[in-house]
Amino acid sequence: MRDETVKLALPAAGDATERPISIAIVAMGGQGGGVLTDWIVQLAENHGWVAQSTSVPGVAQRTGATIYYIEAMPPLDGRKPILSLMPTPGDVDVVMAAEFMEAGRSILRGLVTPDRTTLIASNHRTFAIGEKIAPGNGIADKGAVTGAIGIAAKTEIIFDMNALAIANGSVISAAMFGALAGAGVLSFSRDSYLDVIRAGDKGAQASVRAFEAAFDRVQSKSPEPAAPSKPEAASTPSSPAILDPRLAGLAARLTQELPEAAHAIGRAGLKKVVDFQDVAYGGEYLDILGKLHAADRSAGGAERNFAFTQAAAKYLANAMTYDDVIRVADLKTRSARRARIEGELELSESQVLQTTEFMHPRMEEVMGMLPAGFGRWLGGKPRLLGWLDRRVNKGRRVKTYSLPWFVALYVVGGLRGIRRRSLRHAIETAHRDEWLKAATEAVRANYQLGVEILQCRRLVKGYSDTHSRGLSKFDKTLAAIKLVAPRDDAADWARRLREAALKDSAGKELDGVIQTIKSFA
Amino acid sequence: MAERSFAREVEDLRLGDGDTFRGEGILAITKALLQSGVAYVGGYQGSPISHLMDVLADAKDVLDDLGVVFQSSANEAAAAAMLSASVMYPLRGAVAWKSTVGTNVASDALANLASGGVTGGTMIIVGEDYGEGSSIMQERTHAFAMKSQIWLLDPRPDHECIVNLIEKGFQLSEVSNTPVMLEVRVRACHMHGSFACKDNVRPAHTIKDALNNPKRDVGRIVLPPAAYEHEQEKIRTRLPAAINFVRDNRLNEWMGPKQGKVGIIMQGGMYNNVIRALQYLGLSDAYGNTQVPLYVMNVTYPVIDTEVAEFCLDKDAVLIVEEGQPEYLEQAINTVLRRRDIQARVHGKDVLPMAGDYTAQVLLGGVREFLEKTEPRLLGNRPPAPDASSVLSHPEVEKLKQVVPARPPGLCTGCPERPIFAAMKLVESELGEHHVSADIGCHLFSILPPFNIGATTMGFGLGPASTSAFNVKADKRSIAVMGDGGFWHNGLTSGIGNAVFNKHDGVFVIVDNYYTSATGGQDILSSRAISKRRNTNNSIVQAVKGIGGQWVRQIDRTYDVGRMRDTLKEALTTTEQGPKVIVASSECMLNKQRRVKPQISQAIKDGVRTVKERFGVDEDVCTGDHACIRLSGCPSLSVKQLDDPLRDDPVAAIDNSCVGCGNCGEVADAAVLCPSFYRADVIHNPTGWDKFKSKIAMTVIGWLQRRRDRRRPALEALA
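Protein chains in written order, with our numbering: chain A, 1 to 521; chain B, 1 to 719.
Just so you know, these hints were derived from the structure itself, not from any lab. These numbers were taken from a predicted model, which means no experiment stands behind them. Mixed in with the good hints, there may be bad ones.
Once the Cα atoms are required to be at most 20 Å apart in a straight line, the calculated EDC-like pairs of lysine to aspartate or glutamate come out as [stated by the list, open to error]:
1) B:Lys-215 <-> B:Asp-199
2) A:Lys-142 <-> B:Asp-643
3) B:Lys-695 <-> A:Glu-346
4) A:Lys-80 <-> B:Asp-19
5) B:Lys-597 <-> A:Asp-201
6) A:Lys-394 <-> B:Glu-430
7) B:Lys-261 <-> B:Glu-310
8) B:Lys-473 <-> B:Glu-570
9) B:Lys-198 <-> B:Glu-310
10) A:Lys-508 <-> B:Glu-430
11) A:Lys-508 <-> B:Glu-433
12) A:Lys-482 <-> A:Asp-511
13) B:Lys-612 <-> A:Glu-349
14) B:Lys-640 <-> A:Asp-504
15) A:Lys-291 <-> A:Glu-434
16) B:Lys-691 <-> A:Glu-346
Here are a few chain A residues that face chain B, going by a calculated C-beta distance under 10 Å [what the hints assert, rightly or not]:
17) Ala-65
18) Arg-334
19) Arg-340
20) Ser-402
21) Gly-413
22) Gln-515
The beta carbon of each residue, even a glycine, is placed where N, CA and C say it ideally should be.
Same shape as in the complex, but just chain A:
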């Protein structure tokens, strides 16, 4: 249309910017968004303003993403302002997000705009179901939210309000109220906020503490407070560990035989392997790693920062420390484990702790512990095996810290001596060798493909059925990789296969990629 209308010298009926203060609280059901909303309404009303809040309880309250909305404005000559029931994109003064991805969602809804919005967000994460159920790592990238906040917000107040609230014995709503006060967007004094909190009875003191901590945090604009020193770091053993000379030898070997780039990961791997079995097993780890490194060198790994050796150091350690009954029993009976649980529960002297394990061993696990020859013989006797399985295969509630159960677990945990002769060890070793052979062969012709094959080890995890599923995905993936191995883009396909396998548990995505590969290979 013609735009002559725009040039007409007609004044606007009123100043469109003279609008109520608008505050959107984005949260998940059950985060106390309702309490925060009521506080803000009360705050405004205490100053003679007209305040209106709305929310949609319903189903979203059950842990889903939800939004509370507040508008407030002083009355004019006894006339009440007409307030809106929903936030309008581009017209929100304050967005308060009780979780970091919800802050991201509010940006996607257009609620945060650089001309007017102060974004007050807690940067802690509560993972959504989709992030939790992926067999791999489905956690969303926080960096994307940080990036978008930089674009969208006029002012940003971002810190872990949840941690601050918990540290002060309160809940996130109190910390967010403090952050709102500290932000100074509303023209109300700090004391008038506190009056609102104090008028409530339950937990008012803790709320005040969290409020004040958040307020000070915002006002001082101090950067992230020094992270509380981790308990592990704080509790370095008072008596210096007696240096095991054999272990020192391994450490020295590692430094000599492996390139600098693989030192850190190699040390972590060595530690895990020795912890799993013994010092000799650590030597075996370094032997295998040394061979893999040799293959890496001759494939020109020096130019690639020895990526193959690095990957090998990591995944070989994982492959060598398979999850067997002995390992589980050992971990469950360690003193450090009990100390960790006591710490998490903040157990006091006057309380008594017991834990119950949910064990469901099958005959397969028992067979795995038997000497390889005997285990194989038993494997050939399905009827006997079935009879035994019916006796073994049932759920057992194990009271860890009752003497009979503890001793039983302790004994199993001490069966390291027989581990290397066991059927499970034989199976794991054969499987491992085959995998390493495939990787070593691949790295000669296609360096990256070799690395990718090593990384496929990530697919093997879990116990029982989950473990079998992981193994079958691993085998399928390696078989499919063989099909594409001669191609230049084999490494890309290998990566695609692995990522697909980690997306869903049933392996539908993986099968899809394999179908695609079969269509051309």
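Here the structure of chain A is known, so what remains is to put chain B in place on it, guided by the hints.
Just chain B now, kept in the frame of chain A:
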């Protein structure tokens, strides 16, 4: 009983002349009913009107003082039928429910009520669950009002206006012998606002008076020839009476200048957002001082022809702001203008979307387009309107779209329904996928991740009935899921009775969590709490057997996943004929926690021996495959990234919101998942024997642990 106590809100119901009410819209409505002298109130809970039912259920004293009868109806049809008390007697009555779902259920009774007409004022409060955040199909109650000729009030979202309209609505109902509906949208129900109170009014005529002096008139009963008379009476007598009352009492409002080339006609509920849109266009201030004439229809049915004609007479064009579809008002107003040959052009759904929320943003676009077409000079210098599009199209924000995960609602921490669906998942992996009919209630979340169970939902209590076609011999049986709420609402007859009668071979799972949990935890027939005012503790199993169910299994602890799985398997495979009914019972955890948490804290404070349970995960045993989460979805069961360079994937972790329901351990056992989970029992105020036992055990254990620790290679050397 309910999720929380409403004692404080009940105090608000006592307010009188000179007091100011401050609170939620739905509570303002509740107070308005008492100010209008109602003799009885009924209804069925559901967002957004649950609080009306909850508060009245807790307000026995207030209601007794006034002589008001209150009832939680069995369903919306029962509530609507309750209004028959006003047919012959001058009793004011009100009922409430969620709409349109509740109105669907109620419409048989409503149609009968509206045909015969009423003597006492009757008011139906419908919570219009439409637009963002709604949990139901998107339809309009307007159609029900028109088809049965029930007057429809759609007040401005303002407490004062809503309260006033309720009082006037009862009078309207009485002068026109017609029931009246008050439509309030979700946000208006949950809106915080205020109004000046009046004293509550005792009903002039009480239920007792009516019972003691029965009256009847066959002319009020829907049976030919009276039914034909009713139709004529509706048009000849009741409609004109209503129109006169609405006009004489100025229930609809004129705002802004008297003169103008264009104007806006709107449903009352749209008013606030229209004002905001006008404000963005520089045509109103924040206090509703508008430069465009507005006609606000607080009564959307009937349309007052003379008022519409008067408003449109000297205008070039009008815009109709009517949310939802079809555009009933636009059609009606077109008819009014055409019949009178008034030339104002009618705009509406041509510039506004046919479907969906009319937010301020949507209205801004529609009003602007309307004015551009009809009176562009009004737009003046066009102050900049709020606009987030430049932010939204920024690459960084575009990228965010792929990152922010969906956050669907799910079962609460410790929900007793979780193990039922975990067991169904285990059965699915053994016996294959089955056709599952879902129902309305918390258990409907089974259709979402991680469970992904359930193919259809056909309405409250209709899960079992919706498997009725699948009544043939096949390799697999159908499964229907229904809650206890749906069971008592109608599922006992429509679902179980129907299956027994038709010899249905399917499996019927009744999820019994002691309350109608999804609507806020109200009591029902089978609730386990002892209630002074109601008859509870009526067994679902007995009811099923009473109606002829033969194969009935009661599982009184749903957390027993193994038993749940085996029972389901048996139901799916048994050769026994007829419906296989499984009643799976455990208390709603949300309500249970509200009930027992204070008791436990008190017990600990009082020095009573108390065991608190919580679950945990041994992070070095967990391999991070998340199979446990795929069988749970519990909010307290999450993942965490370990500070370990050897690990790629996060491990499972349980946060301190865990209530120790036991599901994690049961699932890990039943599904043979992994040994990472443990339950930690902390004994508060242990007895001497507890301490002694623990001391002995820990002394030996400590010795054994130290012995093994000494033999371990000192790994710190490698750090």
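Hint check against the structure, violated hint numbers in rising order
Hints 1, 9, 22 not satisfied by this model.
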